[in-house]
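> The task is simple: from the sequences and hints, build the whole structure.
Chains A and B, in that order, are what the protein sequence lines are.
If you're matching positions, the first sequence starts at 0 in numbering that gives the first Met the number 0 and goes up one per residue.
If you're matching positions, the second sequence starts at 0 in numbering that gives the first Met the number 0 and goes up one per residue.
FYI, nobody ran anything at the bench for these hints, they're computed from the structure.
Careful, some of the hints might be misleading.
Using C-beta positions, here's what the derived DEER-type ranges look like [claimed, not checked]:
hint : chain 1 : residue 1 : chain 2 : residue 2 : range
1    : B       : L219      : A       : Y9        : 33 to 39 Å
2    : B       : H242      : A       : K185      : 49 to 55 Å
3    : B       : D50       : A       : E215      : 35 to 41 Å
When the alpha-carbon atoms are kept at most 30 Å apart in a straight line, the in silico DSSO-like pairs for lysine-lysine are as follows [claimed, not checked]:
hint : chain 1 : residue 1 : chain 2 : residue 2
4    : B       : K17       : A       : K146
5    : A       : K254      : B       : K246
6    : B       : K143      : A       : K109
Covered by chain A, according to a simulated footprint, are these stretches of chain B (three or more residues, beta-carbon under 8 Å) [what the hints assert, rightly or not]:
hint : segment
7    : 71-79
8    : 136-142
Since the model is a prediction, treat every value here as computed from it, not as a measurement.
Every residue, glycine too, gets a C-beta built ideally from N, C-alpha and C.
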Amino acid sequence: MAVLIYTQNYDGKFKKSVFELVTYGAAAAKEMNTDAIAVTTGKLDETTLKELGKYGASKVISVTNNELNDFSEQAYASVIEQVAKKNDADLIVLGNNPYGRAVAPRLAVKLNAGLAAGVVALPSSISPFTVKKRVYSGKAFADIVIKSDVKIITLNQNSYKIEENPTDIVTEDFTAEIPDGAYAVKPIEVVKSSDKLSVTDAEILVSGGRGLKGPENWGMIEEMAEILGAVTSCSRTVSDLDWRPHEEHVGQTGKVVAPNLYIAIGISGAIQHLAGVNGSKVMVVINTDPDAPFFEAADYGIIGDAFEVVPKLNAAFKKFKEEN
Amino acid sequence: MKALICIGHVPDTTSKIKFTDNDTKFDTTDIKYIIGPYEELALTRLLDLKDAGTEMHITAVNVGTAETEPTIRKALAMGADDAIRINSEATDNLFIAKQIAEVYKNGDYDVIITGKESIDYNGGQLEGMIAEFLNLPSVSGASKFEINGDKVILEQEIEGGDLKLEASFPFVVSAGKGFLPESEPRIPNMRGIMMARKKPLQVIEPVAHDAVTEVSKFYLPEPKPACKMVSPDNVEELVTLLHEEAKVI
Ligand SMILES: Cc1cc2nc3c(=O)[nH]c(=O)nc-3n(C[C@H](O)[C@H](O)[C@H](O)COP(=O)(O)OP(=O)(O)OC[C@H]3O[C@@H](n4cnc5c(N)ncnc54)[C@H](O)[C@@H]3O)c2cc1C
Ligand SMILES: Nc1ncnc2c1ncn2[C@@H]1O[C@H](COP(=O)(O)O)[C@@H](O)[C@H]1O
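Structure representation (structure tokens):
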């Protein structure tokens, strides 16, 4: 028995979302009276590996095959399968991010395991195994009962609180077998995006909509983000108009985000927009139209013209930051 | 190219979501159904490639009861050549994937395409499951699909950037945003709708496969307390509220 957590690294380092996964996996392992084991791919130094012990993993298995420096759904799924079998894993936890989403379905077939994707809480029951997941694009949740022996879940980012729970973690190297043809889809190159935090990693998002009239008016949005240590995002209309890059588009057909604070400026709050952002802890809306649907979803609102309110708010945020 | 495209039958994006039977069933009253938005993008992309001269035969496949037929007909009206419906309730994703894998084995398709995720179940699972059942290579959430001789150039968003990939047939791919550059999905015209009535829609029975997941209960999000309004002339109050009450700054 074990809970196996797939801990993705980025350029040899773990992001905060991985610590969230480990905290979650360790809590689930506790409920199941078993150990939380992390598995990593690619070369990582010992200190980095041991960081996972801070969040409750008792062991980390480092799969060191060189090939794994390039991502392949087939190779990664096969590697995790091998580690899962060797450690008799009965729950496998992955992030609901591009890697986890690509790999988990293959693992489900390999292990004849039921899969719940986009889970938002610890299992509410271990037997029958029941977890809550996001459905209807954020408009609802569902309890999923998984009946197979092995269970797989992908955890939505920002749905579980990171907590320290130090263990004497042991590290173990593992050389996996890479199946023939695992790289049949050939990686050609990685077009790097900028190093700044992505909208899904951000704790605060400052988001702009068509109400801002044009890309030339984003200076004050960027300024607010800068003051708050936030990242900028936008509505689909804005990215469709090419006012902002597509990575910033949030919503049902864009990125699904769940920051602590989401500030929507000149965004009407269409149902498809809200579906992607209503996992945010606190939402603020600034809009000229008191009937904009966003006011029904938000926690705090200002009815007013962004071109007057935002500069004033920026000054107030700045003053606050200087004093705190 | 012979493409098998997996068509989901999902509630329209503006639907108000409600449940019945003690919150164990989706309430279909007043719900309008559509083709899943991501597979609709993918179908449009294939039709654009066909219009631009790529040889293409498109088969739409759906696992569903007779209720899903209008949605399948819409895919035919948009321009798919023929369609297959596997006559079964679509519940467990491993079950659905198994059915589509069977269809693939009985045709000679070059590529299987799904949407990145359904907008009702939000699983994003089918592409990987089908590929694994068939031991085929796969790409999840592709944001580009360009034909280059007998290869396809794809892009996939990964942490820190976009991974450019080259795939040879046959393979499985799920379509994300960007799969269809620029254009909006096609709205079928009268002629398309008329023609769709005559296109073949084959109904087959499912193969057995045990379901290993089920939904035991649905929940709507907790209702939010009313939005607290702050005067535009007193923005400092918002800063105080965010700091002291919401504790997010
Ligand atoms: C299948 C489908 C999927 C979709 N997916 C998404 C998605 O993922 N994400 C998404 O965002 N949208 C999505 N949409 C589009 C969505 O329906 C809306 O059209 C879009 O969100 C509107 O963007 P907006 O709020 O920026 O613009 P608008 O709706 O034009 O709203 C602009 C707002 O700005 C306000 N305003 C104007 N001037 C000012 C000012 N000076 N100061 C302050 N406020 C001002 C207006 O009152 C208005 O409320 C989708 C639509 C469909 C059909
Ligand atoms: N019942 C179904 N029949 C055919 N294809 C489906 C069905 N359900 C989902 N799909 C396809 O699988 C994709 C991912 O669905 P999901 O794994 O439920 O998020 C969808 O975008 C569709 O392309």
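> Does each hint fit the structure? Answer for all of them.
Hints, one by one, checked against the model:
1. B:L219 <-> A:Y9: 33 to 39 Å: holds (36 Å)
2. B:H242 <-> A:K185: 49 to 55 Å: holds (51 Å)
3. B:D50 <-> A:E215: 35 to 41 Å: Cβ of B:D50 to Cβ of A:E215: about 37 Å, so the range 35 to 41 Å holds.
4. B:K17 <-> A:K146: Roughly 26 Å between the alpha carbons, so the hint for B:K17 and A:K146 holds.
5. A:K254 <-> B:K246: holds (25 Å)
6. B:K143 <-> A:K109: Holds, at about 28 Å.
7. 71-79: violated (count 0)
8. 136-142: holds (count 5)
The structure shown violates just one earlier hint, number 7.
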